[in-house]
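Going down the list, the protein sequences come from chains A and B.
Counting along the first sequence from 1, when you hit position 502 you're at 502 in my numbering, and nothing is skipped either side.
Counting along the second sequence from 1, when you hit position 420 you're at 420 in my numbering, and nothing is skipped either side.
Don't take each hint at face value.
For chains that are exact copies, the list does not tell them apart, and a pair is met inside one copy or across any two.
The calculated lysine-lysine pairs, modelled on BS3-like cross-linking and capped at a C-alpha distance of 27 Å, are [as the list claims (entries may be wrong)]: (1) Lys305 with Lys552; (2) Lys598 with Lys375; (3) Lys223 with Lys596; (4) Lys552 with Lys598; (5) Lys184 with Lys577; (6) Lys110 with Lys577; (7) Lys184 with Lys375.
No wet-lab data here; the hints were simulated from the structure.
Protein chains: 2
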Amino acid sequence: MKEKESQKLEIKRHSLAHILAMAVLEMFPEVKFGIGPAVENGFYYDFDLPRTLIPEDLEILEEKMKKIIKENYEFVMKEMKIKEAIKHFKKAGQPLKVELLENLKNEGEKIVSVYKSGPLVDLCKGPHIQSTGEIDPSALKLTKISGAYWLGDENKQQLQRIYGVAFNNKKELRQYLFQQEEAKKIDHRKLGKELDLFTINQNVGSGLPLWKPKGAIILNILKRWFEDEQIKRDYFPVITPHIGKKTLWETSGHWGFYNDSMFPPLELGQTLEDYQDNRQAKESETYLLKPMNCPFHVSIYNDDKHSYRDLPIKYYEFGTVYRYEKKGELGGLTRVRGFTQDDAHIICTKEQLAGEMEKVIDFVQFVLEKTFGFKIKAYASFREKDEKKYLGKSEDWEVAEKTIVDVLKSKKIDYTSEKGEAAFYGPKIDFKVKDAIGRYWQLSTIQFDFNLPARFQMTYTDNNGLGEQPFIIHRALLGSLERFMGVLIEHYAGAFPAWLAPVQVGILPVSDKFNSYAEKVSSALKGSGVRTEMYNQDEGLGKRIALATKQKIPYLLILGEKEMNEKTVTIRQRGNKKQQTISVNKFIKTIQERIKQKK
Amino acid sequence: MKEKESQKLEIKRHSLAHILAMAVLEMFPEVKFGIGPAVENGFYYDFDLPRTLIPEDLEILEEKMKKIIKENYEFVMKEMKIKEAIKHFKKAGQPLKVELLENLKNEGEKIVSVYKSGPLVDLCKGPHIQSTGEIDPSALKLTKISGAYWLGDENKQQLQRIYGVAFNNKKELRQYLFQQEEAKKIDHRKLGKELDLFTINQNVGSGLPLWKPKGAIILNILKRWFEDEQIKRDYFPVITPHIGKKTLWETSGHWGFYNDSMFPPLELGQTLEDYQDNRQAKESETYLLKPMNCPFHVSIYNDDKHSYRDLPIKYYEFGTVYRYEKKGELGGLTRVRGFTQDDAHIICTKEQLAGEMEKVIDFVQFVLEKTFGFKIKAYASFREKDEKKYLGKSEDWEVAEKTIVDVLKSKKIDYTSEKGEAAFYGPKIDFKVKDAIGRYWQLSTIQFDFNLPARFQMTYTDNNGLGEQPFIIHRALLGSLERFMGVLIEHYAGAFPAWLAPVQVGILPVSDKFNSYAEKVSSALKGSGVRTEMYNQDEGLGKRIALATKQKIPYLLILGEKEMNEKTVTIRQRGNKKQQTISVNKFIKTIQERIKQKK
Numbered sequence: 001m002k003e004k005e006s007q008k009l010e011i012k013r014h015s016l017a018h019i020l021a022m023a024v025l026e027m028f029p030e031v032k033f034g035i036g037p038a039v040e041n042g043f044y045y046d047f048d049l050p051r052t053l054i055p056e057d058l059e060i061l062e063e064k065m066k067k068i069i070k071e072n073y074e075f076v077m078k079e080m081k082i083k084e085a086i087k088h089f090k091k092a093g094q095p096l097k098v099e100l101l102e103n104l105k106n107e108g109e110k111i112v113s114v115y116k117s118g119p120l121v122d123l124c125k126g127p128h129i130q131s132t133g134e135i136d137p138s139a140l141k142l143t144k145i146s147g148a149y150w151l152g153d154e155n156k157q158q159l160q161r162i163y164g165v166a167f168n169n170k171k172e173l174r175q176y177l178f179q180q181e182e183a184k185k186i187d188h189r190k191l192g193k194e195l196d197l198f199t200i201n202q203n204v205g206s207g208l209p210l211w212k213p214k215g216a217i218i219l220n221i222l223k224r225w226f227e228d229e230q231i232k233r234d235y236f237p238v239i240t241p242h243i244g245k246k247t248l249w250e251t252s253g254h255w256g257f258y259n260d261s262m263f264p265p266l267e268l269g270q271t272l273e274d275y276q277d278n279r280q281a282k283e284s285e286t287y288l289l290k291p292m293n294c295p296f297h298v299s300i301y302n303d304d305k306h307s308y309r310d311l312p313i314k315y316y317e318f319g320t321v322y323r324y325e326k327k328g329e330l331g332g333l334t335r336v337r338g339f340t341q342d343d344a345h346i347i348c349t350k351e352q353l354a355g356e357m358e359k360v361i362d363f364v365q366f367v368l369e370k371t372f373g374f375k376i377k378a379y380a381s382f383r384e385k386d387e388k389k390y391l392g393k394s395e396d397w398e399v400a401e402k403t404i405v406d407v408l409k410s411k412k413i414d415y416t417s418e419k420g421e422a423a424f425y426g427p428k429i430d431f432k433v434k435d436a437i438g439r440y441w442q443l444s445t446i447q448f449d450f451n452l453p454a455r456f457q458m459t460y461t462d463n464n465g466l467g468e469q470p471f472i473i474h475r476a477l478l479g480s481l482e483r484f485m486g487v488l489i490e491h492y493a494g495a496f497p498a499w500l501a502p503v504q505v506g507i508l509p510v511s512d513k514f515n516s517y518a519e520k521v522s523s524a525l526k527g528s529g530v531r532t533e534m535y536n537q538d539e540g541l542g543k544r545i546a547l548a549t550k551q552k553i554p555y556l557l558i559l560g561e562k563e564m565n566e567k568t569v570t571i572r573q574r575g576n577k578k579q580q581t582i583s584v585n586k587f588i589k590t591i592q593e594r595i596k597q598k599k
Numbered sequence: 001m002k003e004k005e006s007q008k009l010e011i012k013r014h015s016l017a018h019i020l021a022m023a024v025l026e027m028f029p030e031v032k033f034g035i036g037p038a039v040e041n042g043f044y045y046d047f048d049l050p051r052t053l054i055p056e057d058l059e060i061l062e063e064k065m066k067k068i069i070k071e072n073y074e075f076v077m078k079e080m081k082i083k084e085a086i087k088h089f090k091k092a093g094q095p096l097k098v099e100l101l102e103n104l105k106n107e108g109e110k111i112v113s114v115y116k117s118g119p120l121v122d123l124c125k126g127p128h129i130q131s132t133g134e135i136d137p138s139a140l141k142l143t144k145i146s147g148a149y150w151l152g153d154e155n156k157q158q159l160q161r162i163y164g165v166a167f168n169n170k171k172e173l174r175q176y177l178f179q180q181e182e183a184k185k186i187d188h189r190k191l192g193k194e195l196d197l198f199t200i201n202q203n204v205g206s207g208l209p210l211w212k213p214k215g216a217i218i219l220n221i222l223k224r225w226f227e228d229e230q231i232k233r234d235y236f237p238v239i240t241p242h243i244g245k246k247t248l249w250e251t252s253g254h255w256g257f258y259n260d261s262m263f264p265p266l267e268l269g270q271t272l273e274d275y276q277d278n279r280q281a282k283e284s285e286t287y288l289l290k291p292m293n294c295p296f297h298v299s300i301y302n303d304d305k306h307s308y309r310d311l312p313i314k315y316y317e318f319g320t321v322y323r324y325e326k327k328g329e330l331g332g333l334t335r336v337r338g339f340t341q342d343d344a345h346i347i348c349t350k351e352q353l354a355g356e357m358e359k360v361i362d363f364v365q366f367v368l369e370k371t372f373g374f375k376i377k378a379y380a381s382f383r384e385k386d387e388k389k390y391l392g393k394s395e396d397w398e399v400a401e402k403t404i405v406d407v408l409k410s411k412k413i414d415y416t417s418e419k420g421e422a423a424f425y426g427p428k429i430d431f432k433v434k435d436a437i438g439r440y441w442q443l444s445t446i447q448f449d450f451n452l453p454a455r456f457q458m459t460y461t462d463n464n465g466l467g468e469q470p471f472i473i474h475r476a477l478l479g480s481l482e483r484f485m486g487v488l489i490e491h492y493a494g495a496f497p498a499w500l501a502p503v504q505v506g507i508l509p510v511s512d513k514f515n516s517y518a519e520k521v522s523s524a525l526k527g528s529g530v531r532t533e534m535y536n537q538d539e540g541l542g543k544r545i546a547l548a549t550k551q552k553i554p555y556l557l558i559l560g561e562k563e564m565n566e567k568t569v570t571i572r573q574r575g576n577k578k579q580q581t582i583s584v585n586k587f588i589k590t591i592q593e594r595i596k597q598k599k
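So that you can see chain A by itself, here it is in the shape it has in the complex (with noise of 0.2 Å):
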């Protein structure tokens, strides 16, 4: 959505609030009114009310605020003294707004703006709608109600909040309600619990995974795969500590801009009375946990001397790193407070640049693109011009911004370019993918790294034996692994493909007389390397066929007397409703095949 557009339809969300603010008024004239902004995909308002809402008080309200939208509602600014506007809500009866008021007073603000709009009168910036008729209200739905602390401090009154979401029409909600029943049939989170992936344990840590054994399968299979194609493009693998000295993100600068982000230092050497006491530790050394390798790889390539014939190095760790998120930041796999990068540093003379990234972005697009089915979308970072603010010589700046440019053009890959969106130590690519309902999701990105090999004193010996400074990119192709798999359990619906699903396989003797026939299936798969699980608890057959369908398991074998007889199983195959029955030879052979195509 262009930038005017999205302004626009955010002063429609704005203008809502009060909409519903005048929709409540009207049904409990009673009301103390707190604050009602736009956000995301909506609205919402803030309340004392006389009783609690229930959810049909919804649609009352909802049909409330389409008539008023009919009556067409002129909105009115005022500009008031600060002081007359504290008289007027005190009059009004809204203390809550007479306490934003004194606070906007005690801030040095003289004058105010009130916003009339049919028999509300509301404290607010703007801007506003001219009137209610500007709105679709076929566009518009209350969604919940909740609880929330007036003015998000725990310490005051809690009011009632009503959230709503609005869009420009009715076929942009129905795409967007659509989309969110969709999205919360796949949700991650839900998907990780009924199919045993993962879980998070509040007395281990928020933020912080723990894979359950199907999980964990999926992710070393992952790791071993994308392991397995850096070694076919000559990465190296390295393996770093979780922890490293202070003095060293000081010398990367990580402590010094970071920190934010990082979790508090590490006191070595105190004892468990030096920390209840307080007292400094007599062996002192302080560490940090890692909230990224580099400082690691770059002390690795730093260990020995470097010819510009050993170049380009390239080394890759799957790294897990630590940073600090706000507990309420918290959600599922997709924002973690430890999470493991497929991390890589491409360390190179200037001559190789363009080269090694279009190997990289060619990389991205095999794994994205070719392995996942992915479409993806690339966006440029840039630095602004005539800025000082950014590290590195201004002519590496443009070689590696040409650079960028140059290779995603050759490659004829649709990219946005951002100028000013660049870190400080150089311009990036990243890489978005849609997922299956088509929603964005950052993965990869390709960082210039014009920082850390001037702090580390990188350097390499040229073809004139001569001292020269390397360039680094970083990379990270699925990003974080977590927030990969969160991603592709929603891509995927929780029904993983062959290669990846925990189990491949499941075994559903019609009864217990087939066991044992089930049982030599079962190893025979298991002995070509295929993951099976066997479903033969004393349920019915149709019972264990509802439950082995629920964990989306590629293939269900039926074994009963004719398979038995005939050494054949009866393939039940995910998303196929025909059954057809071949030898378990044939099967081994089909599976395994469909395993190597990554299918």
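Place chain B on chain A using the hints.
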């Protein structure tokens, strides 16, 4: 060695410290004596001397010691009042001894013992041998001189310390010196550097190895292989974070019983300013780096309800844990602060214990004996009788200890059992391996745990529908991957078998003319999953062969005119002087077969 013999040898070593002091007194009559204890393999003595010692002095002193031994001086003990002793040593011009005596006096000692041997009178608790002649003069050697602060206090004066080693006889000494020489050659710190496997960087932190590509390749191969072996044996992967809430470690008992070995707490929500100003965090949550993986695995178990039909459940993880060790105790890969355990927890019923224990021991034998060719020795640790210091029901201990003995006996494994060596939470078996030069290293450990099931209220439903507490067996077969790598490097003296070697094939074109053929051979090998490295820099072939040989690569391929024309390779196999020329395809098959056989 039996205990009595070992005590006798320690007395000899202590007496040798006095004999050394006698020799020094003869050479430097002005010497001031510090202290001279017995230590592992020998003894040392600290002296204040008029000049700095040089290595040649050791030979002179050794000769003097042998003469003293021959002269067979008696050791005569005499008790003295402490005041009298102070007077004596003041008069004798021995201020350090006077300082020791003053300290003893302040601690309330009244009587001290001194030992006279020839012209030396030394303050000493004893005991000693009867006379110097008891020592075998051919079984001692002075090994080194170093500086040492008086009483280990860096604010006090520096003395000169002389170290010696001593054994019962010449043969034992020679064996020890030979092993020392051998150990020096294969020291994993030295080989780790030469073979470019890992580095320890003081800017990153002590005891935190950084794995360079060649070391990381070996580690990753070990992990994949061991993971596959675990999957074959019905273990399931889990993946857990490196930090957990302090309350979790309180529940598990680690924070109470194990905090000396844990890193200090992380106060979450503390900002840089909070930290610098010693302020309390606003959103306070305390986390700890994990010293063990157990509480996470138990949390995963407890995330679901379990029935007896689900058991045994076997979770495995390569879990990187962090434990605090004093800086002075760290060394190479064998004593580190961060290490990765091949950790697994077997959760089972009482009836399953014996079967599971047997399977684990089979697995130990498969790994240590069959795969790596180590000889193993088992050490069973049991509780002391009638001791109330152990957790868990007495009958569970009996079952567990009986299981250990039964299984070790039935498998005819050579084992020692040690009463009183069990942890408070359960009995265990440790396995030590004998390396190529005869040293023992502890690797595998199998431990019962009666603590965690109770603390975390673990449960399963038995076949009567009643809740039962399961048993836990902890198990790590490689132990720590870092330590295991250290042992492997030394065991193989850096010459890793082909399946583990980071470079399996070194490729050496005779001259530039054959570079493109060399590239073709390299590609063919890489395409077949073989790790190659090209040695085609401009030095002469001889120098390149020497370089590649020093890297202990299993196969070197020499490629020239004849090889190019006939599509062959000339092979120099490590440790085999005879060259052999075979077709490229045949070589690929040969090495693939070797890798498959783990040779």
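A quick look at each hint next to the structure:
1. Lys305 with Lys552: between (53 Å within a copy, 21 Å between copies)
2. Lys598 with Lys375: within (18 Å within a copy, 43 Å between copies)
3. Lys223 with Lys596: both (16 Å within a copy, 22 Å between copies)
4. Lys552 with Lys598: Cα proximity of Lys552 and Lys598: one copy only (17 Å, versus 38 Å across).
5. Lys184 with Lys577: Classified as within; 26 Å inside a copy, 69 Å across copies.
6. Lys110 with Lys577: Neither way: Lys110 and Lys577 sit 72 Å apart in one copy and 95 Å across, limit 27 Å.
7. Lys184 with Lys375: within (22 Å within a copy, 58 Å between copies)
The structure does not agree with numbered hint 6 stated previously, though it agrees with all others.
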